[in-house]
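Q: Residue numbers (the numbering used here), protein chains in the order written: chain A, 1 to 121; chain B, 1001 to 1121; chain C, 2001 to 2121; chain D, 3001 to 3428; chain E, 4001 to 4428; chain F, 5001 to 5428.
Hints may be right or wrong, so weigh each one.
Unchecked claim - To list a few chain F residues with every Cβ distance to chain E over 12 Å, as calculated:
| # | residue |
| --- | --- |
| 1 | E5084 |
| 2 | F5119 |
| 3 | A5121 |
| 4 | L5131 |
| 5 | W5142 |
| 6 | A5215 |
| 7 | I5277 |
| 8 | D5336 |
| 9 | F5365 |
| 10 | V5373 |
To be verified - Across the chosen pairs, the derived CB separations fall in these ranges:
| # | chain 1 | residue 1 | chain 2 | residue 2 | range |
| --- | --- | --- | --- | --- | --- |
| 11 | E | T4150 | F | G5341 | 43 to 51 Å |
| 12 | F | R5299 | E | K4369 | 22 to 30 Å |
| 13 | E | G4178 | D | K3369 | 55 to 63 Å |
| 14 | F | G5087 | E | L4077 | 32 to 40 Å |
| 15 | E | K4329 | F | S5144 | 47 to 55 Å |
| 16 | C | D2024 | B | Q1109 | 27 to 35 Å |
| 17 | B | H1068 | C | K2079 | 29 to 37 Å |
| 18 | E | T4150 | F | L5242 | 51 to 59 Å |
| 19 | E | K4329 | F | G5341 | 52 to 60 Å |
| 20 | F | S5144 | D | G3341 | 37 to 45 Å |
| 21 | F | L5245 | E | P4065 | 55 to 63 Å |
| 22 | A | P72 | F | L5245 | 48 to 56 Å |
Quick caveat, the hints were computed from the structure, so don't treat them as lab data. Glycine is no exception: its CB is placed at the ideal position from the N, C-alpha and C atoms.
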Amino acid sequence: MKLVVAIFRSERLSAVLEELYRADVQGLSISRVQGHGGEREQVETYRGTTVKMELSEKSRLEICVSNHFVDPTVKAILKAARTGAVGDGKIFVLPVEKIYRIRTGEEDQAAVTPVGVPSRS
Amino acid sequence: MKLVVAIFRSERLSAVLEELYRADVQGLSISRVQGHGGEREQVETYRGTTVKMELSEKSRLEICVSNHFVDPTVKAILKAARTGAVGDGKIFVLPVEKIYRIRTGEEDQAAVTPVGVPSRS
Amino acid sequence: MKLVVAIFRSERLSAVLEELYRADVQGLSISRVQGHGGEREQVETYRGTTVKMELSEKSRLEICVSNHFVDPTVKAILKAARTGAVGDGKIFVLPVEKIYRIRTGEEDQAAVTPVGVPSRS
Amino acid sequence: MNQADIAWMLVSTALVLLMTPALAFFYGGLVRSKNSLNTMMMSFVSLGVVGVLWALLGYSLAFAPGGAFIGGLDHALLRGVNLEAKGTIPHVLFMCFQGTFAIITAALISGAIVERMRFSAYLVFISLWTLCVYSPICHWVWASDGWLFTWGALDFAGGTVVHVNAGVAAFVAAIVLGPRKDYARQAFLPHNVPFALLGAGLLWFGWFGFNAGSALGATPAAALAFATTMLAPAAALVVWTLLDLMRNGKITAVGAATGIVVGLVAITPAAGHISPISAILLGGIAAIPSYYGLVFRARTRLDDSLDVVAAHGVGGTVGALLTGVFSEKAWSGVADGLLFGNPGQLGIQAVAVGATLLYSGVVTFGLLKLVGVLVPLRAEATDEGLGMDVTQHGEEAYMDGEGAILVLHEREAVVSPALASAAAGGRS
Amino acid sequence: MNQADIAWMLVSTALVLLMTPALAFFYGGLVRSKNSLNTMMMSFVSLGVVGVLWALLGYSLAFAPGGAFIGGLDHALLRGVNLEAKGTIPHVLFMCFQGTFAIITAALISGAIVERMRFSAYLVFISLWTLCVYSPICHWVWASDGWLFTWGALDFAGGTVVHVNAGVAAFVAAIVLGPRKDYARQAFLPHNVPFALLGAGLLWFGWFGFNAGSALGATPAAALAFATTMLAPAAALVVWTLLDLMRNGKITAVGAATGIVVGLVAITPAAGHISPISAILLGGIAAIPSYYGLVFRARTRLDDSLDVVAAHGVGGTVGALLTGVFSEKAWSGVADGLLFGNPGQLGIQAVAVGATLLYSGVVTFGLLKLVGVLVPLRAEATDEGLGMDVTQHGEEAYMDGEGAILVLHEREAVVSPALASAAAGGRS
Amino acid sequence: MNQADIAWMLVSTALVLLMTPALAFFYGGLVRSKNSLNTMMMSFVSLGVVGVLWALLGYSLAFAPGGAFIGGLDHALLRGVNLEAKGTIPHVLFMCFQGTFAIITAALISGAIVERMRFSAYLVFISLWTLCVYSPICHWVWASDGWLFTWGALDFAGGTVVHVNAGVAAFVAAIVLGPRKDYARQAFLPHNVPFALLGAGLLWFGWFGFNAGSALGATPAAALAFATTMLAPAAALVVWTLLDLMRNGKITAVGAATGIVVGLVAITPAAGHISPISAILLGGIAAIPSYYGLVFRARTRLDDSLDVVAAHGVGGTVGALLTGVFSEKAWSGVADGLLFGNPGQLGIQAVAVGATLLYSGVVTFGLLKLVGVLVPLRAEATDEGLGMDVTQHGEEAYMDGEGAILVLHEREAVVSPALASAAAGGRS
Ligand SMILES: Nc1ncnc2c1ncn2[C@@H]1O[C@H](COP(=O)(O)OP(=O)(O)O)[C@@H](O)[C@H]1O
Ligand SMILES: Nc1ncnc2c1ncn2[C@@H]1O[C@H](COP(=O)(O)OP(=O)(O)O)[C@@H](O)[C@H]1O
Ligand SMILES: Nc1ncnc2c1ncn2[C@@H]1O[C@H](COP(=O)(O)OP(=O)(O)O)[C@@H](O)[C@H]1O
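The shape of chain A in the complex, shown without the other chains (with noise of 0.2 Å):
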């Protein structure tokens, strides 16, 4: 198992969040961070105090699954989350050793698959 990580540009997030529905990846989480790379950076003044913005906002998806779905998660986080400018972010994949669903203990395979939906892993 593994765990993806992807960080992008935040107004992408819906069409991430839909391709990854077409590519059946139905558990995630999302958080905010704030990113530092090659992006533009901002020039924001307040009384007289000129900044520079080095970070830029970016959504942070998790998504734990199953080996075999590593692939078609990440190549629908690609498609949907590229815009080709600088600044659109990166993925990694992380070795998971043990994942539990909490509601029932479940283990590894078992606790990444939806409920009711037969498992094609």
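Fit chains B, C, D, E and F with the ligands to the known structure of chain A by using the hints.
A: This is chains B, C, D, E and F with the ligands only, laid out in the frame that chain A set:
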């Protein structure tokens, strides 16, 4: 060493913290995420636009522990976070290669042992 | 490749970013977490209810780097984030299996090398 | 008619009307973010529901000629409420001024039952309460044939009518509704203290209309009421901060906001009856029982969530009694109090408070039980957990970023196709 | 001159001025956080730009003696606007009172084009619009030689001049600007509903100056306008919540805020012309077309972002027409409406609305096209994506924590050395 | 007595009182979120502390008959402050009106020392400052036996008494306290710009009471002061946005809020003395030195955190001097200025400013040193780092979600057992 990541209902946060305390887990970090899973969805209406909120607020815990501490930690969370209804969340256990305590530069085991508490690991 | 996760005092964030820049680390993502550790706790009072805030605001950095970059990155953080008082935080290094740059689809090493900068790795 | 009086009463009425949105912020800032809209809406709907009901019926029950206990129906549907003089101002303006009092009194009660009461039940409740509790008590105290009025009870701007009345109704409502589901197991902290401060600031501002407007004209009496309304809360604020400092070593902002409101509540019945220097004393003294009332309440099982009882019930009672102590005919031309040789006044004040406690307590209890028969009073526990904003109103107070949101058009093609199919249940 | 009238008009003018910041919050709360300052600034700058232009020229065009269609230049640069009486108050105060109306009318339009219009284009547009559209229509209706005034059109406080006018300008502006880039593909949710409620509360408060101040004195007519301004929105709020309840099963806070504003808009032309009980009816009735107008609009391609058309255009039109229905000479001393035996009044009202629609629509269109020649009307799509606050104003509304921020001093050594070199491009 | 004057002065006093909560938001929005309550509280406590002290002693020192430099004790403890006429209004109302000025002046100073001053030290400081600095200067300028008054210095509503005075005190306080610990190494950005806009909007609203109320009646003079108070900030806002546009290419919201305040400050001394068209000029001109003052200050080591010096000190000085330039007897009936043939007036104005600078500067310095002996003036550096809200007040402004919170009942069983033992130190 492992990193235990748990995503669960925010309303169970106090309970989980208590239970972790009982299990002698001292260090942890919390953030708020928005989750998408099989949960009940909320319909909201703003001036003629009806929207479906597919995301629900969850808490995300990150706890770095030495190997033999993984089990008690996971058990504590499973116990305290469960409500039995869909949307209870997930726990992931990831491998960790190295831990540092910033204050002292201590590494690994030493880095996650509470200060002034005789290490039991 | 590794994912360096660092949790430290928010007030050291600027210093850490500077130090990382000096160490040539370009890409990173920041989020805010609430940490629980051995820190000084705050007592707050609201209309006759006294509460103990066991959580303190921390910053969390996530930096994906190629292997030989792990050390400089960790060193930079250790140096800039330290104050010496309890609550300075932790750094975790996690293994990463795959990295993608969303903009180009580049993978791994190439994905974390800054644009237009001759890769030194 | 007197144009200067009209000018001042126009302003006063607008000021008192503003107090209800102000209360929405005072209360709304003190609850958790997931219940903030619900809390604010409890004040805002009062502007509509009570405002309309007051015009249609409530005003008549309170001020039309009737018996000692309730007014008649002569002014129902605003009959006879025209541009002719009532005192020195047009009758319709007097009706509006009084209406703003009815609106805020109903809204005050909500502080005791926020974060759990079903919104529809609340609506029915405040409608009935205005007609069955507020109008009669208002008649007792302020109509020329009301029994407390003829008896000589002093209530310049509504210490009993508004504050004791709302305080006891809040007490009863908190008991009937029961505590929030995690009460005493979890701390409920204010989600936006600046909003509470904003509310307190605007309340003070509006209260000048409430108290100085109760002189019903731009007279020296109004100036006196104005001065006491400025000084008493200032003194209450000072005493409150000192009590905070003694007890916790820290002066809190929630405390400051509360202290101001308590001072305002306490001066309300006394505003035009006492000297400015007495107002400083009254404000300072009144802070103490409310302060400790609030500390004590927090340790009980009584989940009077925003401490309406301690602030308005206790504050109003103390104010009403101290009116009987500090009243000075030399200033008001009306009556002396205990300190100025007329101990009997204190007794009358006590009776007025007692009668209000009794009547409001009993009838509020009955009304809540009645409403409970029609609609469950409480939201379901899971809804309470999710938050009243989403479950009762289908809204959230704050949103950041551009969430993953699906636009649903009823019975129409949905804009976002993939998630739409999910929505339609066609999951695979 | 009459001092009581002066007192009331001083207050009224201050109240109407407050409505523009209030509008900033009403609008600002309803947009996304990344555009909240931009939206608020669209109201705030009107205080400056329109305020100054009104004094220099607009007032003269509206109120100096002229023809049937526009005033003259006698009062340009405030010539002759002095402390002498205009009616019963100093002329300069009358000018200020009218100025606050010009300010808010321009700001109202912004609701249709927020989240995408370039700020500089907006500034030029409202400057021209005030002089070319607002001043003439104001002259028609309120100057003693204006054609609608002489013809007997009733508009107590600006139903056509302010609301129909702003509504149709908003309609045209929304069409010319085109929808936001993700319109209908993404839901745009309010980032801070409490701000919208605060705005609605302050708007109501200020509207007492708007309507009751339009009596131009502390008279019984002002008291009547006050009462109707209190009752109509209360009724609109009640009806709106019932419609919400019927349609979604939930009473929304955004709906409540909107309902209040619609009630206020609708009563504006009628305020001093109808009886209080008619005001309750008018407010209740007027809620309905605006409610459904808003629901309908959300399904069209018309991105009138904050529904200025449904609230002000529809609400103002309905109010202006109902003024012709409910007007009662017995109350106002002016004219009867349809229900009181004078059906002709309704016709006059319809003509006034129609003329405003036509003139404002056409000239607004022309002005926008003209401005578009000088400055592009819309921000670039990427700027729209990043948010107007950062791209148009170089600011963010909210910041938490101590971000990683670099202080830049122009052409000077930079404080934070490492990041500075990055800033200077010296990346390796 | 004149009832219309009473009506207007009741309103004015309420308006000026509202300015202090407004200031709390203007300032509170500009600081970092961790210090927002502390900043707001610095204004709010002034309502209590200065309000009470003014009644007890300050009013007497300022307005009781005395010498040229300070008043007597005849009105201490409000002796003789009754319902009899002072001018055309009750004496007690005059006392209240003046009290609201004392309150806000003290609060203004806080802008220079927020985010680091110990709260208890601040409380002691503003108490002493009100009595030792504000009351005497107020006496000089506004008491009929004050030396600047008899000498003919013009200060309609407090340009020197309030703004120059607070500005110089702020300057001294910023120097004595020293800069915040990360000053110039880190940018301190406003945490909530909408709050700053709300504050600016409410300040403008309240300022109509401040300036037009200073006519002490509902007179044409009040109308004039009203008009100038509407036009000068409008002009200042326009000029400020143009300066912003020229310098950064962007019109900022913080700038707009600041521009409004600067315009208000500058018109304060001149309000009833100059013509409306001069007010537009004065407002526009006054924006410039404050704008550049603020830009310049940001590059110095002077951590006048919220730029009280540039806004109030510079703005007040420029306004006081320009009063000597634009004054027009034809409008005010009082005195002409430089432009109208009386250059001497400018000299008198300069002396008034100079005397205020000197006295306020020296005494403020002495008082701060004195307070510093009793209580350390600054919070500890770690407390400053953690935030003043938590460390000085034991509160946080904003909370989301239901954190992991432990309810502690003093000396009682604790609700949440596990964490409780941790709290008690029994960690293993
Ligand atoms: N090495 C990294 N570790 C963590 N996050 C990163 C890393 N590199 C980039 N990011 C995140 O991705 C975002 C875009 O990265 P950037 O390098 O500017 O884009 P691109 O991949 O298009 O060159 C950044 O804002 C940051 O949030
Ligand atoms: N595969 C996943 N990766 C990351 N987070 C997940 C995943 N699946 C579920 N979650 C998180 O857990 C929450 C509950 O998941 P859900 O599948 O609805 O519950 P249950 O486990 O009870 O079936 C989601 O809101 C989401 O935050
Ligand atoms: N085991 C852990 N897993 C995750 N986060 C931790 C862990 N231990 C500490 N932290 C984070 O580090 C912060 C400081 O930790 P603490 O143990 O108090 O400091 P120190 O390392 O100086 O002893 C905590 O607030 C928390 O955010």
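Q: Note whether the CB distance of K4329(E) and G5341(F) lies within 52 to 60 Å or breaks it.
A: Holds, at about 55 Å.
Q: Quick one: are T4150(E) and G5341(F) within 43 to 51 Å, going by C-beta?
A: Cβ of T4150(E) to Cβ of G5341(F): about 45 Å, so the range 43 to 51 Å holds.
Q: The hint says 27 to 35 Å between D2024(C) and Q1109(B); measuring C-beta to C-beta, is that right?
A: 31 Å Cβ-Cβ, so the 27 to 35 Å window holds.
Q: Per the hint of 32 to 40 Å, is the separation of the Cβ atoms of G5087(F) and L4077(E) within bounds?
A: 35 Å, holds
Q: Is it true that L5245(F) and P4065(E) lie within 55 to 63 Å of each other by Cβ?
A: Violated, at about 37 Å.
Q: For the range 55 to 63 Å, tell me whether the beta carbons of G4178(E) and K3369(D) fit it or not.
A: Holds: the Cβ-Cβ distance is about 57 Å, inside 55 to 63 Å.
Q: For the range 51 to 59 Å, tell me whether the beta carbons of T4150(E) and L5242(F) fit it or not.
A: 41 Å, violated
Q: For I5277(F), which was marked as not at the interface, is the minimum beta-carbon distance to chain E over 12 Å?
A: 5 Å, violated
Q: The hint says 37 to 45 Å between S5144(F) and G3341(D); measuring C-beta to C-beta, is that right?
A: Taking Cβ atoms as reference, S5144(F) and G3341(D) lie about 38 Å apart, which means the hint holds.
Q: Quick one: work out the minimum CB distance from L5131(F) to chain E and report holds if it exceeds 12 Å, violated otherwise.
A: 32 Å, holds
Q: May I ask you to check that A5121(F) keeps its beta-carbon over 12 Å from the closest beta-carbon of chain E?
A: The claim holds: A5121(F) sits with its nearest Cβ about 25 Å from chain E, beyond 12 Å.
Q: Would the non-interface assignment of F5365(F) survive a Cβ cutoff of 12 Å against chain E?
A: 29 Å, holds
In this structure, the earlier hints numbered 6, 7, 12, 18 and 21 are contradicted, and the remaining ones agree with it.
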